[in-house]
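Peer 1: Taken in order, these protein sequences are the chains called A and B. Per my numbering, residue 45 is the first one in the first sequence, and the count goes up by one each step. Per my numbering, residue 12 is the first one in the second sequence, and the count goes up by one each step.
Rather than coming from a laboratory, the hints here were simulated on the basis of the structure. By construction, the Cβ of each residue, glycine as well, lies at the ideal position given by its N, Cα and C atoms. One thing to keep in mind: the hints can contain errors.
Unchecked claim - Derived list of chain B stretches under chain A, where covered just means 3 residues or more per stretch with a C-beta under 8 Å from a C-beta of chain A:
no., region
1, 119-126
2, 156-163
3, 270-284
4, 346-359
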Amino acid sequence: MSGIRTISSSSGNVKSYDSIMKILLVGDSGVGKSCLLVRFVEDKFSPSFITTIGIDFKIKTVDINGKKVKLQLWDTAGQERFRTITTAYYRGAMGIILVYDVTDERTFANIKQWFSTVNQHANDEAQLLLVGNKSDMDTRAVSTDQGETLAKELGIPFVEASAKDDTNVNDIFFLLAKLIQEKIDSEKLVGNAGRDGNVNVGGAGQGSKSNCC
Amino acid sequence: MVSDRYSVLVNDHEFLGESVLDEKSVLYFREDERLTLKSQNISSAMVQDSLDGLVALGKSKDGFVKHALRRPVWLKILKSRLSIDANNVSESEKGLSEFVTHKDEHQVSLDVKRSFGDIKDDVAKSFLRQALEQTITKVLRRFPQLNYYQGYHDVVAVFVLVFMHTHKADEEAELSDSTSGTPSTDGSDYHETLSSSSISTKLADDSVLFIDSDQLFESVMIFTLLYLRDFMMSSLAFTIDQLVLIPLIVKDKDPRFYRTFQLNEIDPFFALSSVLTLFSHDLRPQSNESLSIVFQIFDLVISSNSMMVPLTVYSNLLLAKKDDLLTRLKDNLDNFENDTDLIHGVIQQEMIVGSSVQLWNEVLETTRIANSSSFPNAKKTVNKYSVLLTASHVPTTIDQALSWLAKETRLNEMRSSLESVNNKAKTPSPAISRWRLIARSAGPNLIKMSLFIGVAAILMKLYLRSLEGHQVYPQIALKSYLDQLKSLKFSGLNQSRRIWLDPLKNLLKNIGRPSRS
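With the hints as extra help, turn the sequences into a complete structure.
Peer 2: Shown next as structure tokens:
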């Protein structure tokens, strides 16, 4: 398995960061996962952003408590048929953002489904976060209270955001990164992010996901 | 005379209108001459009704050159591949099917809303979106057995752009006078008449956009039934079967690269969006010039009648960027925690971000020269009715195409139920389905061979035992043999190839003896 890794011996590049975090965005099609990402990474918004097919990723380095953290952001397709593929990338994710659209009740109702998919495929230690996107819209169908109640029920933190007018977008990623960092510090999760490529997959994880908030 | 204002936007010959005093103008001039000559050839092949001629031109450099030519040529070639029997579907049936909503229409409208984002003019944009949604919906309602996938809208969007044309208000009279099928004097344009099925919209500058929606629908329908069936099953299984050919093609050409990138270990999901959309998803955000690459890829698929094209193009692109990929791989070793992420990330970044138009042209040229319409390994990997294999039975009828679709759908359902059985590890599954799964798992020939030897050995042993007189009734022997077969634990087989030896050895030792239980 170390075929790829062995060629590194000659490269010897200096690390430009202190740690790396793999973060995944999931949720129904059209809730704005890619828009949140593009707003965060490139600080722009396009109302007709293109569809994600399969899986896509971006990288952004941020500063958390004086440490340079490289965020590896994986964006997934919302359509059900891609789930067999996207779940293959849950492996090793330290943070997973579950996104719904506050103007579309159906996407909110499906969060529970996403939650159980995540439980099935992600590491037990993964930090989850619930995000209600499009909070700028006046055609809201899911109230902030409903969002908070669901988050409590699932035992995960909650943020309402808008990729369009840039409300709380950075907060999503910084909050998640901080929570992950705290977990790493307290649970010594570091060993899991080893370099050998054989990350332990907590496949059958059913236990409670989070003890924060 | 039809002007191609929007195809100028999306074609790579925009520079022709620019200053001829440019130092590169001589080069442009040659390019111009070459394209004019090719356009003339395409036009005369159309007039002479020469399908062979058109196909050969589509397979050569620059494909069908521009949309004014693509429109009639695509339609002509596609119609020659699949005859649409007008009597096949009765008018009343047609009418009915168009009112029954398809289950995926919500997803379609979500994706249509995100299409044509790079078209600046709002009126044009909403016109194109409307044409896109209408066409997809019509295909899905006509063939409800098809499943829509995200990316199908990108493919249909390419057809919408090709079938759209513009003309200025003052050209209207001339347009309606022109006759279909007549090459113009300079040979660079191909005149078309407007039919009753045209939809149109007027832009702010008084120019008008036209789409012949019947022609658009017909082309998309044939293209879908002949080339996209594998992608439109209820699961992605047959799509993944196609993707798996990419590593195999690469392995044939460059085993070392194949090994370095562990293409034997890592699922080629990185190629998913490129293959599902014939590159129309990934190339769109780039310049107009690169967009024309997409049209040439479609030219090549249509003229060579082969969905091997996207797979070959992808493989050739990987190989063309081998050195860059390797560098990027080295630079990113510490950025990814597992190899799946590493390879996916590296390939996705490098393939899309760093591909110049020149490189793309080279890759297309390599693909054209190789004439890679078939790949021997395809038979071992894809299902019997896959678009990769049925292409050799084209031209065909719509009935035949629908029968392929039905058979594929059945195979896909069987596959899905087998996989769900396999996933539920705790519930014991029939030994037979496990055997099938193992045989179908596209493992290396070694496994298949050992399976064969194993089965042969069992049969041989069985035969010998019955000769020895241990069993009076061969049926009982067979039954006990099956019982033992069923009791074997095959669950470990997919994890390690070595586990094979032990159960077989045990089986052979006891085979033909009365079951102890």
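Peer 1: Now, for every hint given, state plainly whether the structure supports it.
Peer 2: Now for the hints, and whether the structure bears them out:
Check result for the region 119-126 of chain B against chain A: holds, 5 residues qualifying (beta carbon to beta carbon below 8 Å, three or more required). Counting residues of the region 156-163 of chain B whose C-beta sits closer than 8 Å to any C-beta of chain A gives 4, which meets the bar of three, so the coverage hint holds. Only when three residues or more bring their CB closer than 8 Å to a CB of chain A does the claim for the region 270-284 of chain B stand; here the count is 9, and the claim holds. Given a C-beta distance limit of less than 8 Å, the hint that chain A covers the region 346-359 of chain B holds, as 12 residues qualify and 3 suffice.
Checked against the numbered hints listed earlier, the structure breaks none of them; every hint is satisfied.
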